[in-house]
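**Student:** Under our numbering, the letters of the sequence shown match residues 3 to 278, in that order.
Treat each hint with caution, since some may be false.
Simulated restraints, written as ranges between beta carbons of each label pair [said to hold, decoys possible]:
no., residue 1, residue 2, range
1, W165, L216, 26 to 32 Å
2, P160, P182, 51 to 57 Å
3, N54, V254, 44 to 50 Å
4, D209, K104, 23 to 29 Å
5, A197, D3, 26 to 32 Å
6, S9, P206, 50 to 56 Å
7, V105, R268, 35 to 41 Å
8, D3, D108, 37 to 43 Å
9, D207, D3, 43 to 49 Å
10, K153, A214, 38 to 44 Å
11, A13, G195, 45 to 51 Å
12, N205, S28, 40 to 46 Å
13, A13, D108, 49 to 55 Å
14, S94, D209, 35 to 41 Å
Keep in mind the hints are simulated off the structure, nothing from the lab.
C-beta: ideal position from N, C-alpha, C; glycine also.
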Amino acid sequence: DPAAMVSAFEAGEVHTNFETSADYVSILDKMDLVKSEIVTASTIVCRTNVNNKPYGDQKVRNALQLAVDNNVVLQLGYGNAGSVAENHHVCSIHPEYYELPKVARDPAKAKALMAEAGQADFEHELITVDEDWHKNTGDAIAAQLREAGIKVKRTVLPGSTFWNDWTKYPLSMTNWNMRPLGVQVLAIAYRTGEAWNEAGWSNPDWDAKLNAALAVADAAKRKEMMKDIEQILQASGIIIQPYWRKLYSHSVKAVQNYKMHPTFERDYGKVWLDQA
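Can you make the complete structure from the sequences, with help from the hints?
**Tutor:** Laid out in structure tokens, this is it:
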């Protein structure tokens, strides 16, 4: 509970926090605390599950993607505290990242694709957990879908409910923490049959390309292989991936040499309290 965290800092009950969510950064900045921030490949995805109608239809998935401007979602959903993502779950800070041509928002084409798929009147239900930045990001996506003439209902669930079935929802949002290499999350999140493949997606050709890339240690050589891997995943439409997150934490001034880690690791071996 971020509000409880603020109260704990005010009461002098804590020295540092695990994480400061983007919407609370300015609040803690005003409390004479020390901020640590880092650019990461942590993210959130709005994913379809292809085993649920109508998300088995690529036209429907591509329509959802085209209706959304990821930069707007970054601003409204996460306070612009990050960088724009490109719907393929590989970040520019990953060593094997391959830059693809940018795809602009096209609400008219999105609406037309949805009509071609026979789903112009279908009401999509976008489900998120009740954590603020998840909710805000979902709301920003839903607003743009509506602007494109796509019907959408928002459902916000408590974490105790949401995470019980997070891999099964037809349309929902999930946060993914950073892995050092781009191929690592792709392998656990999108490869056929993986336990965390919440999209239910299966593409044997893509699997083969990814498996080949996983066997290449040289990042420069792997980079050339990533072009097809990124393009196929992006074109599949299974995810709207709006942004990469900056991560923040705050500490009292007595805490020395503490820095936020991109994968939330905690090593206090070289951290100390200066309370002189």
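**Student:** Using the Cβ atoms, figure out if A197 sits within 26 to 32 Å of D3.
**Tutor:** holds, 30 Å
**Student:** Is 23 to 29 Å a correct range for the gap between the Cβ atoms of D209 and K104?
**Tutor:** holds, 27 Å
**Student:** If I claimed the Cβ atoms of S9 and P206 lie 50 to 56 Å apart, would that claim hold in this structure?
**Tutor:** Holds - the Cβ-Cβ distance for S9 and P206, about 53 Å, lies within 50 to 56 Å.
**Student:** Quick check on a hinted range of 44 to 50 Å for N54 and V254, using CB atoms only.
**Tutor:** Roughly 48 Å apart at Cβ, these two residues keep to the hinted range, so it holds.
**Student:** May I ask you to test the hint 35 to 41 Å on the CB atoms belonging to V105 and R268?
**Tutor:** For V105 and R268 the Cβ distance comes to about 38 Å; the hint holds.
**Student:** Could you see if the CB distance from N205 to S28 stays within 40 to 46 Å?
**Tutor:** holds, 42 Å
**Student:** May I ask you to test the hint 51 to 57 Å on the CB atoms belonging to P160 and P182?
**Tutor:** For P160 and P182 the Cβ distance comes to about 32 Å; the hint is violated.
**Student:** Holds or violated: the 35 to 41 Å window for the beta-carbon distance between S94 and D209?
**Tutor:** violated, 24 Å
**Student:** Lying within 45 to 51 Å: is that true of the beta-carbon distance A13 to G195?
**Tutor:** holds, 49 Å
**Student:** Is it true that A13 and D108 lie within 49 to 55 Å of each other by Cβ?
**Tutor:** With Cβ atoms ~51 Å apart, the hint holds.
**Student:** Could one say that the CB atoms of K153 and A214 fall in the range 38 to 44 Å?
**Tutor:** For A214 against K153, whose Cβ atoms are near 41 Å apart, the range 38 to 44 Å holds.
**Student:** For the hint 37 to 43 Å, verify it against the beta carbon of D3 and that of D108.
**Tutor:** holds, 40 Å
Against the hints set out earlier in the document, violations occur for numbers 2 and 14.
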